[in-house]
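Model the placement of chains Z and D on the given structure of chain P, informed by the hints.
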Amino acid sequence: MAARTEGVPVVPGDVLTVEGLSTSIRLRKSAVDVVKGVDLRLRPGETLGLVGESGSGKSMTGLSIMGLLPPGGHIAAGSIKLDGRELVGLPERQYQKVRGNEIAMVFQDPMTSLNPTKTIGEQVAEPIRLHLGATPKQARERALDMLALVGIARPAERMGNYPHQLSGGLRQRVMIAMALSCEPKVLIADEPTTALDVTVQAQVLRLLHDLKDRLGMAMLLITHDMGVIARWADRVSVMYAGGMVESATTDRLFAGMRHPYTQALLACTPRLTQRRESALFSIPGSPPDLEHPPAGCRFAARCAHATDRCEREAPALTEPAPGHTLACWHPVEGPLEPAARPVEAAPKAADDQAGPVLVADGLVKEYGTGRLSLRRSARAVNAVSGVSFAVRPGQTFGLVGESGCGKSTLARMIVALEKPTSGSVTALGGALGELRGRDLRRHRRNLQMMFQDSLDALDPRMRVGAILREPFEAQGIGTAAEQLAAIRELLDEVGLPHSALERYPHEFSGGQRQRIALARALALNPRVIVADEPVSALDVSVRSQVLNLMKRLQATHDLTYVVISHDLTVVRYIADIVGVMYLGKLVEVGSADDVYLRAVHPYTAGLIAAIPEPDPGAAEPAGGLDIGSELPSPLDPPSGCRFRTRCPRAQARCAEEEPVLLGFGPGHSAACHFPLREPQPAVPAG
Amino acid sequence: MTDTAPPQQVTSGWRLAVRSFAQNRLAVAGVGIIVLLILFCFAGPLLYVTEQVAVDPVNSLLPPGGDYPLGTDAQGFDVLGRIMRGGQASLQIGLFAALIATAIGTLYGTIAGLIGGVVDGIMMRLVDTLLSIPFLFIVLIAATQFSSTVLSLSLILGAFSWLGPARLVRAEVLSLRSRGFVAAATVMGATKPRIIVRHLIPNALGVVIVNITFQVADAIIAVSLLGFLGFGLNYPDVEWGTQLSDGVSHLFEGAWWLIYPVGGCLVLVVMAFNFVGDALRDSIDVRLRRR
Amino acid sequence: MTQYVLRRLVTSVIVVLGVSVITFMLLHGMSGSPGRAILGVQASAEAVAAFDREHGYDRSLIAQYLAYLGQLLQGDLGHSYKLNQSVNALLADNAGRTAMLAGVSLVLAVCVAVPLGVFQAVKRNSVGDNVLTTLTFVAYSMPVFLLAMLLIQVFALGLGILPAQASQSSSTFVIFTEPRAMLLPVLTLTGITVALYSRYQRSAALDQLAQDYIRVARAKGLSMRMVLTRHLLRNACLPLVTLIGMTIPLLLAGNLVVESVFNYPGLGLLFFNSLNNQDYPVLLGYTLVASVLTVLGNLLADLVVAVSDPRTQRA
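Chains as they are written, first to last, in this note's numbering: chain P, 1 to 686; chain Z, 1 to 291; chain D, 1 to 315.
Note that these hints are calculated values from the structure, not bench results.
Take every hint as true, because none was put in to throw you off.
Quick partial rundown of chain D residues pointing at chain Z, CB under 8 Å, derived from the structure:
#1 Y140
#2 A290
#3 S291
Keep in mind that this is a model prediction, so the values were computed, not measured.
Ideal placement from N, C-alpha and C gives every residue a C-beta, glycine not left out.
Excised from the complex, chain P in its bound form (with noise of 0.2 Å):
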């Protein structure tokens, strides 16, 4: 059952109200409305989701009602009232006085939200000392408490680390503790799991709902993450280009939502249980230029049902129910039916009888941790240590793991960007560690990849047209003519118009970017490209759209793609075989179906378990999953089995001997010595 509150308690009054507010940020020669005639009103002891895409004013809301707003930004219009009290033009030292006692926020990224020369102790006493009146040993000892209640273990002993000594996700409780340490009774939680890895978000964000309960505060949880807001949040407002589109319960928003990119941002949503056969929902187009808004409606452009009237004239927020706001003119009813909209072009069905056409046998990678070491024994990083898997022509390899469990550089390893400590990659029958020169320059055209990073990864002092030309030019490919032509081919089966050639990387959204990069990675027609977190650094309307393109040109080109994700649903639309990393191993691997519907080992089933799915109704995931703690230091792996230390089931013999691959069904196998199910010994591994 979803861990919303049940039966939000019937308390007189809101907490927070927000009323037409509108505010702008001074730009050098204009000014930008980031954010448009927003209400929101949250009660007591309620969670109201604030949902949207990058640039939708989401964050800016946030700011506004703490009266943090960046140079430049001010409140044009509208009012923020904190239990009947109006915030919009308090004078500073009112505000600080509010700030921190009454209103507090949590923010995204851990790693640099607290100062790296002051020790947590001293951090989360500040606001007590400031704010309670509190002395010093007193500050301290609430200070203690906090930590405590946050879930931090050993809270004396972590009062004196400093920032950097500590984890992103108890870094994030520190936060908490700080935000909390006053007992405020709003708290703003901007993103705050989103730089975080899916098991500790889990975690976090059941931490902040416990405590937002015991504390009887209401939360604001701003996210773009429609699965967070799905298990967490009473209410949601969903802001598109800085404006409120709709806000209703959460159940009734999932289940009857009105607007018709609500409706079309839970289509494009990627879950569990999408089926493979069938596109991804994508939005087309991209949110407007804030700095030139459309007249009408911010989303007309972009909406299947839009007339002229949405281009014309902006809705006002209207409550078609009690409880129920929208802005638009033409309402949708409820979801989109999952139909069956089928991959442009079928995929073909990987072909089980030819023989692998990449192999990655036994591959390590050693780092040494500093260069000039006075001491011999200096310890190395094992970025990767041991991983074998092979690749059939026209199959998609998916790994996902958790940040720094060595996915990226075995994916640089497959390419040879990066010599293996030991082992061997082989592609095409071709060892790529025994080709050199030009054997090995000529042998990369087979294999290309693709970056996360697409504006890193393209030239900024290159045209377009040029970035494209590049892999023709390394390769000796052809006459300027026909590589110009090849060129145009390639942008019009990416959906890029002829145009793109005359401009540079930067002029492109994110998602044309990739596009272009993808273009670029397909030039030489080559047999297998590794693609390196493709999407993760894409919205979510975009996302669909490149995943879309990406299945497209397989099935056309008979790619073969190796697919590297942390993300789970990323890698259940678009793999055939999945292998599962932690802490430089492949712990299970196997189909996509085997991996997600009967994974065996315990840190997948929990990696799957901590995904949220973006429907209110869906079960709680069933106990004993939960992976405790957080990632040990790669520096210094466990012994023996290396998830041991957050496994529930681990036992005294996972210490000792390192679990090795079993089979548990054709091609599905897994390194455990407590699977969640027998192994069949019939199977070889493999």
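Then chains Z and D, alone, in the frame of chain P:
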């Protein structure tokens, strides 16, 4: 329908940089000052002809006015003409020294950054060593060895001021090497020389150009210090430092016109180069940061 | 931490050795035959050769360098034949006064530059910031001697309230005993140094202001002033510590010029006079000392940063 709407306007990297540069009024003023001063020093003597070789004791230390808009100095040279002549030398030395320093530094830093490893370590320790020897000291000692000419002063200053650019360029090369587009080029089979020519050099160029302007400013100050301490050009040649040094001895006699006009020019031109350098650096950052 | 200190110590020693090689080569290359330099142009070739042989100047370069290094290790910087005094004694005589002038100016400059830079960063692009930026730009673009001359013109010649020359007293503490006579040199050096540091401090403070933790501190309810003093100041000053270490050569150069302009008897004036006498043992002796000082300054700055920044302590 997909996310394929073409961007609204074409803005090339350099054009964007130029636009952001032009928006910086100080920088535009800086360019103006530099152009005007160059015209003043190099074209000025064609229009305003003065005797700058034969001394004229009769007309020494005349205050401004009459035939001498900025007065005369102790040798009876017209100060306005003297500033033009001194400016030629100061600007030339500043520019030459900056170019020499940047050329050596860029080459050195690029090599260190590209080779890396032990060679890089040794090369950078050498830079550390040279950087810990005070620049002015070593330059003054070197200057005692040569008779001062525009060329020798440029060489001396250039030879000892390439260390900063070397460090800067090395850091830039190292950071560029780890960029995604270099990895992408490697994956598509580009050779190392190709990556250097197509990616590293064009991207490192901005840093180098910015550095040249700061180097010019620094070199003009340095040569004025040499001149002031008595190691500038020899009679009848002159640069601004020597001119100021000559003026000091008459400061107590109230001959202010020997100091302020030339001092003003010196500060103005150095400031102009610093303005331009700052604005260039910002505009290059803008181009790379605009996301 | 210990490892870091050890590593920094080793590199510092290597750099100092490198410096000694360079000063030796300069000494050797510049003064040519020391015998000729000392005995003068009139001396016969035989006499010069005999002198060189007697003092070991005819040995191989490596042997001579090792002898020079051995000498240095014993703390002997050589002998000034022009002044017929040991370089050690010459430097020791003047070091106190120079240290006092440079030290007082540096402390004053830091005391001014830090608040100035932070103020400009907080009020960035305001009228006050622009005025201060312009002023520091002018001072930064001005050779030291020009600032000195301006100050002399105004305070000594114009207003006539301060002497144009520094005190000639041999006391180390002349700055405190005759403050009026030392005000102009101190002001000049401070002004130039402030221009150098405040620009840097402004951008360091701007960098810190843009950090998330500043916003978090504001969200806790701290006033801007508390944010500045409790959170920003320390982090924004760490880069300045490194900068001070790195700019020691510039400070010494400024000191040299100021001492020459104001005729203040210190190491700078000694160096200036030795330049005109081509007294290379003194010139290179001071250069070597200044280089070692720079290396030590850098080392000290790095250690201070390492100690005050907990992030560097894990190694």
